[in-house]
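Student: Below, each chain spelled out in residue letters.
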Amino acid sequence: MAGLGSSGTGLRWHENGTCMKTWDAIVIGGGHNGLVNACYLQRAGLDVLVVEKNGWVGGAATSRELTPGFLYSNCSYVCSLFRPEIMRDLELPRFGLQVIAYEGGAVLTQDGDYLGNYRDHDAHRREFARFSKRDAEAYDRYARDVTRQCRFIQPLLMRTAPDPTSWKPRDLGELLYLGKKFAGLTPEEMALTLRFWTMSISDFLDEYFETDVIKANFSISGIIGTALGPMSPGTAYVLLHHYMGEVDGSVGAWGYARGGMGAVTKALAASFQASGGTIRTGAEVEKVLVKGGKAKGVVLAGGDEIYGKLVVSNADVKRIFLKLVEEKELPEIFLRRVKNFKIRGSSGKVNIALDSMPEFPALPKDSPCLRGDLHFTDSVERMERAYDDWKAGRWSADPFLDMMIPTTLDPTMAAPGKHFMSCFVQYAPPKVEGREWTDADRDAFAETVVSQIADYSPGFRDRIVHMEVRTPREIEAEVGLTEGNIFQGELTFDQLLFNRPVPGYAQYRSPVGGLYMCGSSTYPGGGVMGAPGRNAAKEILRDLARPIHHMSAAHDVI
Amino acid sequence: MTSFDAIVIGGGHNGLVCAALLAKGGRNVLMLEADAEVGGAARTEEFFPGFRASVAHVLNRLHPEVVRALDLEELGLTVSRSAFAPTVTLSHDGTLILHGAYGEALTGATASEQAAWKNLRAQLLRYAGVLKPFLSRRPPELGGGSFGDMAALGQAALAVKRLGKEDMRDFLRVLLMNVYDLLDEQLTDDRLKGLLAFDAVLGSHLGPRSPTSLLGLYYRLTGESGGAPGAQIVPKGGMGAVVAAMRAAAEHAGVAIRAGAPVAKIVVEKGCATGVVLANGEEIRAGTVVSAINPATTFLALVGAPLLDTGFVRKVKNIRMKGDVAKLNLALDGVPGFAGVEEADLRGRLVIAPSADHVERAFNPAKYGEFSPEPVMEIVLPSLTDPSLAPDGACVLSANVQYAPYALKEGWETGKPKFLAAIMAQLEAHAPGIGKLVRHAELLTPADIEARYRMPGGHWHHGELQADQMLFSRPVSGWSGYGTPVEGLYLAGAGSHPGGGISGAPGMNAARRILAERAEWRKAS
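Chains V and P are the protein sequences, given in the same order. Residue 107 in the working numbering sits at position 107 of the first sequence, with consecutive numbering throughout. To convert, take the position in the second sequence, counting from 1, and add 558; that gives the working numbering.
Treat the hints with care, as some may be off.
[Claimed, not checked] Just the calculated beta-carbon pair ranges, DEER-fashion:
{"hint": "1", "chain 1": "V", "residue 1": "Gly112", "chain 2": "P", "residue 2": "Glu968", "range": "22 to 32 Å"}
{"hint": "2", "chain 1": "P", "residue 1": "Arg1071", "chain 2": "V", "residue 2": "Arg151", "range": "25 to 35 Å"}
{"hint": "3", "chain 1": "V", "residue 1": "Arg141", "chain 2": "P", "residue 2": "Glu841", "range": "35 to 45 Å"}
{"hint": "4", "chain 1": "P", "residue 1": "Gly818", "chain 2": "V", "residue 2": "Asp111", "range": "45 to 55 Å"}
{"hint": "5", "chain 1": "V", "residue 1": "Glu286", "chain 2": "P", "residue 2": "Gly712", "range": "46 to 56 Å"}
{"hint": "6", "chain 1": "V", "residue 1": "Arg141", "chain 2": "P", "residue 2": "Leu865", "range": "16 to 26 Å"}
{"hint": "7", "chain 1": "P", "residue 1": "Gly869", "chain 2": "V", "residue 2": "Asp111", "range": "48 to 58 Å"}
{"hint": "8", "chain 1": "V", "residue 1": "Glu210", "chain 2": "P", "residue 2": "Glu841", "range": "32 to 42 Å"}
{"hint": "9", "chain 1": "P", "residue 1": "Ser640", "chain 2": "V", "residue 2": "Glu327", "range": "45 to 55 Å"}
{"hint": "10", "chain 1": "P", "residue 1": "Ala594", "chain 2": "V", "residue 2": "Arg151", "range": "53 to 63 Å"}
{"hint": "11", "chain 1": "V", "residue 1": "Glu210", "chain 2": "P", "residue 2": "Arg1071", "range": "29 to 39 Å"}
Bear in mind the hints are in silico, worked out from the structure with no lab data behind them. Heads up, the beta-carbon is just placed ideally off N, CA and C, and yes, glycines get one too.
Produce the complete structure using the sequences and hints provided.
Tutor: Listed below in structure tokens is the structure:
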């Protein structure tokens, strides 16, 4: 029953192990959203307990030493979307978070060339001009149009989605706010915005660029983490998330967390504990205690009961309501909708420890691109074909990789000269042709990744010291993400905004009194953003009539 | 030099409807058709001696207000229940048949599936019903429109709220969903799911798993015949008979129709359309010029980019209009035997789409410029309803087949025979022996349809009917109300709201707008 840094608030224990104290809030799950949520609640004066099933906090944002001498960001691997407001409110830099910006990356092409990515707009443009003068000119127009869309969306991420079926003043007010924001656009801008939101990234890019590799380069943003292809309608808007992350000049801009993504959650945990919060690891929650339709606490595997005035779950919506809460406590319509919630995993991860820096002859010597994200999928068609494999229930024969070597900029993750390589891979289905993943499947999946890299990097295989391969099977087993979906739910229209996670319950509250949701299953969705955790905290404090002035509003990035 | 109040370019069904309504509204109207016959892809044509068919072969969305306004039933059109045709899903697991108006009754399905279908059908029709009033209205203006616009939006909002809270929530949830996942939530029968998936994507460059594909099924279900939503009819005389009735209505209203008169240019003076110039050089003046042909052709070929704003030209060029449907016409020695299908049901629409997965697999190659090796299709034997379409004892088979991408990578010259073979293999699998009955096969790829009917991309919607090219963005953002940047020039074809299929709605909506706007117009001369 060891806890990490118990706050010594006079816990009393029964002989049978149950804790007598009633916490103000119990947060189930020490993933980044759970920690963000807990921090804000603790800072508002609540006495908060975080319970985490693993021996470490962080969920999918962790750094693990899986082979001696190498630290892996074994799930999440780049700090790009974390809300700067949250970073400042919770003083994460003070608690050790350091984000190292990186220059960009590249797409290596099959003919031995590459398309470099640079932060600077003009450098970007010059690189495009190597391929097509027309595309270089179109880039200005593209940047302008995407920026315009970003400006419209960014404040919306930190606001609770309104319920359009409700007559409550707050919802009407929010709908009016949205309406006014929309009305602030010219009629043509309105139509363009509506159009943008339903387009595929491929069609959108076709309106600007002609070069395959340039389109592939941008398409990457549109499909990471989704169970969609670049030609699927509704992938264009995801561009905005990534564009906003890229140009943010403030703290928390796109980069590596020094020490891996675990540094983010470590800092969150430290900030939480510094405000007096309590974390208990190695404590898997088996059930949420519900009495008279209200949440009263949790029951751990092993029988311990812990009482809380309210319970917040960082677990995904299927896990909470199909595993942790009894069916009889939930309305039938809600249960049906949760069962229909789609959470199919689409990605895997291959983490590789290397005993020397790999060479990529396609890139110039000492190219800054090596410090960024590298890709080998040089056309939209290849990306879409990879998606076709997923639909057929197989991992992609020609996968799309988002590959990074953080140790080129972060010396803390491996010994000098040695490197950690993170490969995010799409696509990988939650089940292989309807059956469970086997170890043989996993190894064959890993082989598609290694052989692709080896095509571009001579001697790559010889440098491999250790490899950790994570398919949706491993992701679910270790992190608790149902079906291995890294966003705790697919990001399609029927599961976004006021539909997320289910219609009528898109404001972090559940049908059970005192039970809240704060994970990526809620609005605005996944990625290591922290927004769901924060927004949920705001709603909870609102319900408790507690002050929220310690929570910064969204600031404009662009 | 002759002059008219209004010139309508394009004698397709939308052009005919628009011209007829303008004439009924008191205008002096000239309609110009490039080909020798009006009707466009709705014409009934002889594709082999003694055998006739139309490219558009099933009537399922002729707008009731068009039928009424043009008195089409008096002019010989039958849209009543007696003419409703069933849909038969062809399958090696036995046929499943939708009777009445889009499955008011089902045969061949289990009792539980029938119950599930009843619920789903009612739900889909309920939701399509919310969107239906928008078909016969021009899209509301964004950013403060007229009182009428606000009223229309208000009505829709009320219609949604009237659904009740939970139903409204479901409506909003599924609005932009993909049809595949929705079907998985509610049904288990692959044949039924396959049919619905097929109907959702027919005529689109989408698969059932594509987000927003449900809109295609809604579009289908906003169509009605004889007051019954979703009903379909195989018209006697082929679609050409529908066109003939429209033509009669137009002429009766006083429209002057000139066929064999292709337009080369729309004359624009000081930003105003003042008439047209024909290919033979003849100039005809009119204060109102209405184009019922493809919007890209209208702006880029007939008006010309130099006379238009660059941004507008770019938007027009970006309209996606590459078709994926091929048309197969077979002249058969006799009626083919489709396994498990009774004779009465042969008069219906036969669909080969064994499952939603199958439809998705058929779509995949189209994304890469390849045709489907196992195509999906809807088949009609129109000569069973109208024996005059074929010689005695012989039979016409008419099929819409997907996916046949307009810009086939290998080129249709080599691709066409291969695709025909793929189609015949599917037909043979469901109607053994059909291959031997074929006297003649005519396969029209989208490229052929483009050439023959002057329909760019062979796309019957004149532009993809997808969420980002619908409503406020149809044909381009900012110009969705049938007006154009050229004063006096209007659009009235499928490329405008609400889209294509044999409906007449764009033509009707455009005519109403023109009549409302140009109320005081007099002849220019």
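Student: All hints are to be evaluated individually against the structure, with a verdict given for each.
Tutor: Status of each hint after checking the structure:
At roughly 27 Å, the beta carbons of V:Gly112 and P:Glu968 sit within the given window of 22 to 32 Å. For P:Arg1071 and V:Arg151, the hinted distance range of 25 to 35 Å is satisfied, since their beta carbons lie about 34 Å from each other. Checked against the hint of 35 to 45 Å, the C-beta distance between V:Arg141 and P:Glu841 comes to roughly 39 Å, which is consistent with it. In this structure the hint that P:Gly818 and V:Asp111 lie 45 to 55 Å apart at CB holds, the actual value being about 52 Å.
At roughly 50 Å, the beta-carbon separation of V:Glu286 and P:Gly712 lies within the given 46 to 56 Å, and the hint holds. Here the CB-CB span from V:Arg141 to P:Leu865 is close to 23 Å, well matched to the stated 16 to 26 Å. At roughly 35 Å, the beta-carbon separation of P:Gly869 and V:Asp111 lies outside the given 48 to 58 Å, and the hint is violated. At roughly 39 Å, the beta carbons of V:Glu210 and P:Glu841 sit within the given window of 32 to 42 Å.
Range check, P:Ser640 to V:Glu327: about 50 Å between beta-carbon atoms, so the 45 to 55 Å window is met. Distance hint for P:Ala594 and V:Arg151: a CB-CB separation of about 55 Å, consistent with the stated range 53 to 63 Å. Judged by the Cβ atoms, the range 29 to 39 Å given for V:Glu210 and P:Arg1071 holds: they are separated by roughly 37 Å.
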